[in-house]
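Visitor: Construct all of the structure, not just a fragment, from the sequences and the given hints.
Note that the protein sequences, when read in sequence, are chains A and B.
1 is the number of the first residue of the first sequence in our numbering; add one for each residue after it.
317 is the number of the first residue of the second sequence in our numbering; add one for each residue after it.
Hints are computed from structural coordinates only; laboratory data are not their basis.
Only a predicted model underlies this, so the values are computations on that prediction, with no experimental measurement involved.
The beta carbon of each residue, even a glycine, is placed where N, CA and C say it ideally should be.
Mixed in with the good hints there might be a few duds.
[Said to hold, decoys possible] Here are the computed distance ranges between Cβ atoms for each label pair:
hint	chain 1	residue 1	chain 2	residue 2	range
1	B	K508	A	R117	30 to 38 Å
2	A	L100	B	S455	38 to 46 Å
3	A	M19	B	F395	42 to 50 Å
4	B	P369	A	F49	53 to 61 Å
5	B	P369	A	T162	22 to 30 Å
6	A	L205	B	L336	19 to 27 Å
7	A	R120	B	G424	45 to 53 Å
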Amino acid sequence: MAGAKVKALQGNRGKGGKMWKAVREHRTLYLLMVPGLLYFILFRYLPMFGLVIAFKDYNIFKGIWASDWVGLENFRELIRSRDFWNVMKNTLRISFTKILISFPIPILLAILLNEIRQVRFRKVIQTCIYLPHFLSWVVIGGIMLNLFSPVFGLAGQFFKATGMEAVNIMAKKNTIFWVVIFSDIWKEAGWSTIVFLAALTQVDLNLYEAARMDGANKLEQMIHITLPAISSIVIVMLILRIGKIMNAGFEQILVLQNPITRDTIDIFDTYVYREGLGRGSYSFAATVDMFKSVIALILVGSANKISKWFGEEGIV
Amino acid sequence: MNRGRKKIHTATVLNYLLFLVIGIIMVYPFWYVVMYSLSVPSQSSLDHLYLWPAGFTLDNYRYAFSKKILFSGFFNSVFLTVVGTVVNMILTIMLAYPLSREKLPGKGFFSAFVVFPMLFSGGMIPTYLVIKQFGLMDSLWSLITSMAVNVYNLLILTKFFKSIPDSLIEAARIDGCGDVLTLVKIVLPLSKASLATISLFYAVQHWNEFLHATIYINTDSKWPLQVVLRNIIDMLANDLNNSGEVFMNPENFKMATIVITVLPIMCVYPFLQKYFTQGVMMGSVKG
Numbered sequence: 001m002a003g004a005k006v007k008a009l010q011g012n013r014g015k016g017g018k019m020w021k022a023v024r025e026h027r028t029l030y031l032l033m034v035p036g037l038l039y040f041i042l043f044r045y046l047p048m049f050g051l052v053i054a055f056k057d058y059n060i061f062k063g064i065w066a067s068d069w070v071g072l073e074n075f076r077e078l079i080r081s082r083d084f085w086n087v088m089k090n091t092l093r094i095s096f097t098k099i100l101i102s103f104p105i106p107i108l109l110a111i112l113l114n115e116i117r118q119v120r121f122r123k124v125i126q127t128c129i130y131l132p133h134f135l136s137w138v139v140i141g142g143i144m145l146n147l148f149s150p151v152f153g154l155a156g157q158f159f160k161a162t163g164m165e166a167v168n169i170m171a172k173k174n175t176i177f178w179v180v181i182f183s184d185i186w187k188e189a190g191w192s193t194i195v196f197l198a199a200l201t202q203v204d205l206n207l208y209e210a211a212r213m214d215g216a217n218k219l220e221q222m223i224h225i226t227l228p229a230i231s232s233i234v235i236v237m238l239i240l241r242i243g244k245i246m247n248a249g250f251e252q253i254l255v256l257q258n259p260i261t262r263d264t265i266d267i268f269d270t271y272v273y274r275e276g277l278g279r280g281s282y283s284f285a286a287t288v289d290m291f292k293s294v295i296a297l298i299l300v301g302s303a304n305k306i307s308k309w310f311g312e313e314g315i316v
Numbered sequence: 317m318n319r320g321r322k323k324i325h326t327a328t329v330l331n332y333l334l335f336l337v338i339g340i341i342m343v344y345p346f347w348y349v350v351m352y353s354l355s356v357p358s359q360s361s362l363d364h365l366y367l368w369p370a371g372f373t374l375d376n377y378r379y380a381f382s383k384k385i386l387f388s389g390f391f392n393s394v395f396l397t398v399v400g401t402v403v404n405m406i407l408t409i410m411l412a413y414p415l416s417r418e419k420l421p422g423k424g425f426f427s428a429f430v431v432f433p434m435l436f437s438g439g440m441i442p443t444y445l446v447i448k449q450f451g452l453m454d455s456l457w458s459l460i461t462s463m464a465v466n467v468y469n470l471l472i473l474t475k476f477f478k479s480i481p482d483s484l485i486e487a488a489r490i491d492g493c494g495d496v497l498t499l500v501k502i503v504l505p506l507s508k509a510s511l512a513t514i515s516l517f518y519a520v521q522h523w524n525e526f527l528h529a530t531i532y533i534n535t536d537s538k539w540p541l542q543v544v545l546r547n548i549i550d551m552l553a554n555d556l557n558n559s560g561e562v563f564m565n566p567e568n569f570k571m572a573t574i575v576i577t578v579l580p581i582m583c584v585y586p587f588l589q590k591y592f593t594q595g596v597m598m599g600s601v602k603g
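Guide: Rendered as structure tokens:
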């Protein structure tokens, strides 16, 4: 009965009275949404309005609304700031290197793992390589600090055994960058194989059989069957990844950086964190963050559009 | 022909070897940490590869458990994880179900409303100021409320609710069930796997919470475990410094703390792996 009524209303949604009736019919559903929507309004949308402090000189005693307007002064300061350009350079450098090196590895791993036919072995390996994904950067950073320590860690044993000069790669400007890149690979590469493995299991095994009959070797099969089968998901993942370029890994960098290495791996988020929450320059930090968010919005928006061109569902 | 087959064979063996090495690289650090934490502190830690404990002892754990801050951290994290996940699940379900009903007037608007924050956010500073304004600073509730709904999880659940046949829901309504009763009696029991997946997503996120906790919580007795661990690693924790104790074994002690932090995750890891894999599929496969 109720269902039929709703169906009857569907046709005339445009008319005010009936529309109102349809809304009333669903009032329980609207009520269910209230707490969730309230959360979004208070904790997601309200801070967006708080971004006005980027155009103000935020004074902790005056509050957000009563603080003085300064127009674009904060943005001018931002462009003049050497830190800002350094942070920009680092963010892009880390992000691009991560895409260049860390992005292809899971694809390669997935293809190779897919070749392993021994189910038990494969399961054990999957269990091992997914593991680091579930641990926090604090834990992993703590382990790394020990492992790479020349004083009490595995690195120390290596230097002792080889007679090389002992260095702490986590406390050196020219090595910390690669520590960031490779620790990220170690933590996430295994986990990232899942999406590609899923795509690979969709491949029709008869195709391989047919190719073998035609005399194609393993490598040829890989190039002509496996790669085309996962190419669309690869493209989509790549586009989505590029959409997130402005995020170079906040928690990872925060955990791995120290005063010596800070300048080399300082990124937008760590800089905003230190400037705003550490030193209390709220307005300037919010300006930096806003700059980052706007670029990110443009990137994610375009990434989403492009991914839809490829006939895939975007993130939105 | 014969030679070709042999070549494939070698490649296969190499492939197995490769993954064996990768597997060891992934797991050895954890093994190393556990063995280190069970070892007797010594001046010559450089002599051991820690494939097994260098002189077995539980003292490092005894020492760790004598630290009040570790206890409070552990219970704060348990509280945050349990209460946080319950709040997450209630709000996410209550939002996902209406959003999954195609006939809901204004559904498009509400969907856009919850997805937009995924694309653009006020960022760290304004969010901090808002939380401060609400008087939530220095309380675990700041973490629970400010992360009450994860948009990604919300979308996964909405997608799943959509896949439940309309006929089932219509039938329940004809039987006189209201929306709430339909949700509780029909929809939720059909979604057990998805609900388990999403609660695990939320629970791990809470257990590993570090960033926001360092921003919103200043009092060390209110810190969740990850923040305590970070401070023990940095040797900054008040409880440790003020006691005036000299550390004879900081490294072994740190490693023991890491093991304690990781242990709960390891205990549920088999479930995590299973459900998380499903979750990633649900998120990526077209709905």
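Visitor: Hint by hint, say whether it matches the structure.
Guide: Against the structure, the hints:
1. B:K508 to A:R117: 30 to 38 Å: holds (33 Å)
2. A:L100 to B:S455: 38 to 46 Å: For S455 of chain B against L100 of chain A, whose Cβ atoms are near 43 Å apart, the range 38 to 46 Å holds.
3. A:M19 to B:F395: 42 to 50 Å: holds (45 Å)
4. B:P369 to A:F49: 53 to 61 Å: holds (56 Å)
5. B:P369 to A:T162: 22 to 30 Å: holds (26 Å)
6. A:L205 to B:L336: 19 to 27 Å: Given a distance of about 25 Å, which is inside 19 to 27 Å, the answer is holds.
7. A:R120 to B:G424: 45 to 53 Å: This hint holds: roughly 48 Å between Cβ atoms.
When held up to the earlier numbered hints, the structure conflicts with none and fits them all.
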